[in-house]
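*Asks:* Just so you know, the protein sequences line up as chains A and B, in that order. For the first sequence, the numbering used here assigns the number 1 to the initial residue and increments by one for each residue that follows. For the second sequence, the numbering used here assigns the number 1 to the initial residue and increments by one for each residue that follows.
Please note that the accuracy of each hint is not assured.
Claimed, not checked - As a list, the in silico SDA-like pairs of lysine to any residue whose alpha-carbon atoms are at most 20 Å apart:
1) A:K68 - B:K330
2) A:K68 - B:K303
3) A:K2 - A:L76
4) A:K68 - B:F254
5) A:K12 - B:D271
6) A:K12 - B:A131
7) A:K68 - B:D225
8) B:K77 - B:F48
9) B:K77 - B:K330
10) A:K12 - B:R226
11) A:K68 - B:R93
12) A:K68 - B:E232
13) A:K12 - B:K303
14) A:K68 - B:F96
15) A:K68 - B:V91
16) A:K12 - B:R240
17) A:K12 - B:L231
18) B:K303 - B:A251
19) A:K12 - B:W244
20) B:K330 - A:V37
21) A:K68 - B:G230
22) B:K330 - A:C11
23) A:K68 - B:H220
24) A:K68 - B:G257
25) A:K12 - B:H220
26) B:K303 - B:D271
27) B:K303 - B:G257
28) B:K330 - A:G45
No lab work stands behind these hints: they were computed from the structure. These numbers come from a predicted model, not from an experiment.
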Amino acid sequence: MKDVKVLGPGCKRCVATAAMVQAEADRLGIPVTIEKVTDYAAIAGYGIAATPGIVVDGRVVHAGGLPKAADLAGWLSAA
Amino acid sequence: MTAATTPPAVCCAPAARPAAPAETRRPLVLAVLAVAVWCIIYWQLEPFSTWAVAQLPVAPGSHLKEALAFFIFDTPKVLMLLGLVVFLMGVVRSFFSPERTRAFLAGRHEGLGNVAAAGLGILTPFCSCSAVPLFVGFVSAGVPLGVTFSFLIASPMINEVALGLLFGLVGWQVAATYLAFGLSVAIVAGWVIGQLRLEGWLEAWVRDLRSSTVDLASRHLSAVDRIEAGLEALRDIFGRVWLWIILGIAAGAFIHGYVPAALLGQIMGSDHWWSVPAAVLIGVPIYSNAAGIIPVVEALLGKGAALGTVLAFMMAVTALSAPEMIILRKVLSPRLLAVFVAIVTIGIVAVGYLLNALFA
């Protein structure tokens, strides 16, 4: 089970990012739990300066703008 | 700038995507072709719009005709210019990221740090919904408060949309003037806020937060990736601003067709001491992005309004807005927010007077 956190205050792109993660995980058949982190202090605690950010299993892999599907696949399938 | 091209240094670069040679060259060729087609259409706009306006069943020389001519010529022109500028800047911006900018600015001394922050504010991609994470991310990582403010002031006020459209519609002299004086406001205002030592006026949760900076493993971007970044910027920014632009052009067309030059010259000319502060006070609560305000700037200048007054109005509209204040209130105490607005407003008014005196 991959633990994915989407960091963002709830803007349109953050919602889109969460949907992209879910879609890519479904396509690859990887079980994921997606949690949206909307608290500003918590977001800043991850050390990013642009949203949406993506954290996979505790590691920040992306910050700022929509991710690319190919990158998402790489992050989700990495051990 | 070269940092972006260095190979990923850390452990966890995402797997590189395989790319066939034919596939890599095609987008490049397409991009060049698209720019060529753009140029051809752009050069035909003026004769085409003149012809289109002549077909309209409206009396020549009438107010309505003047307004329609402005609207019909400016709408495709502004949209095309914006498209090209946004695409090119999307490519340039793929070399920058807020995280990289922050790493560069952290621990900088004020002074030079303010200059660097204002300059990077132009180039670093950042949307207003990211303002709070960006502000908190900067301050908690050790970027001085005044330097952070220089970035925050420059970023919405001077951007590719503003400069590109000013350049295309009003001329390079005005664009260069706006760039130079906008940067000055951002640098000086940020420096002053830094000198006042107002860190204690941040909201408590921001003050107490100490975060590490994250080192994102960015994969090496190819030319095709950068073109894709440009197209993504095009889709994103165009989708957000096209309505503002049409509204702005409509306002500009109304001014161009109906507002008497004598009246406007009197109110927004350089004769009265109060015209600059009045323009700024009107501009602060107005929320529009740069793209929407520039057709208005074009029309005002065409009617004999003074350059300093008009540019001060534009700076006030873009740099200070009610929605941004509401967002920033989450991290700034009311006192600090008031100081920020006051210092930026004074800076903009000063620029207005200075330009009116220089270009009188």
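*Asks:* Hint by hint, say whether it matches the structure.
*Replies:* Hint check:
1. A:K68 - B:K330: Violated: K68 (chain A) and K330 (chain B) sit about 31 Å apart, past 20 Å.
2. A:K68 - B:K303: Answer violated: K68 (chain A) to K303 (chain B) is near 48 Å, above 20 Å.
3. A:K2 - A:L76: Distance of about 7 Å is within 20 Å: holds.
4. A:K68 - B:F254: violated, 43 Å
5. A:K12 - B:D271: violated, 47 Å
6. A:K12 - B:A131: holds, 15 Å
7. A:K68 - B:D225: holds, 11 Å
8. B:K77 - B:F48: Measuring from Cα to Cα gives roughly 11 Å; hence the hint holds.
9. B:K77 - B:K330: The given pair, whose Cα atoms are some 39 Å apart, is violated under the 20 Å limit.
10. A:K12 - B:R226: violated, 23 Å
11. A:K68 - B:R93: holds, 17 Å
12. A:K68 - B:E232: holds, 11 Å
13. A:K12 - B:K303: Since the Cα atoms of K12 (chain A) and K303 (chain B) sit roughly 40 Å apart, the hinted pair is violated (cutoff 20 Å).
14. A:K68 - B:F96: The given pair, whose Cα atoms are some 17 Å apart, holds under the 20 Å limit.
15. A:K68 - B:V91: Distance of about 16 Å is within 20 Å: holds.
16. A:K12 - B:R240: Roughly 12 Å separates the two Cα atoms, so the pair holds.
17. A:K12 - B:L231: holds, 19 Å
18. B:K303 - B:A251: holds, 14 Å
19. A:K12 - B:W244: Roughly 19 Å separates the two Cα atoms, so the pair holds.
20. B:K330 - A:V37: holds, 17 Å
21. A:K68 - B:G230: holds, 14 Å
22. B:K330 - A:C11: holds, 16 Å
23. A:K68 - B:H220: holds, 14 Å
24. A:K68 - B:G257: violated, 47 Å
25. A:K12 - B:H220: This hinted pair is violated, its Cα atoms lying about 28 Å apart.
26. B:K303 - B:D271: Holds - the C-alpha atoms of D271 (chain B) and K303 (chain B) are around 15 Å apart, at most 20 Å.
27. B:K303 - B:G257: holds, 10 Å
28. B:K330 - A:G45: Measuring from Cα to Cα gives roughly 16 Å; hence the hint holds.
The structure fails hints 1, 2, 4, 5, 9, 10, 13, 24 and 25 (numbered hints given earlier, in ascending order).
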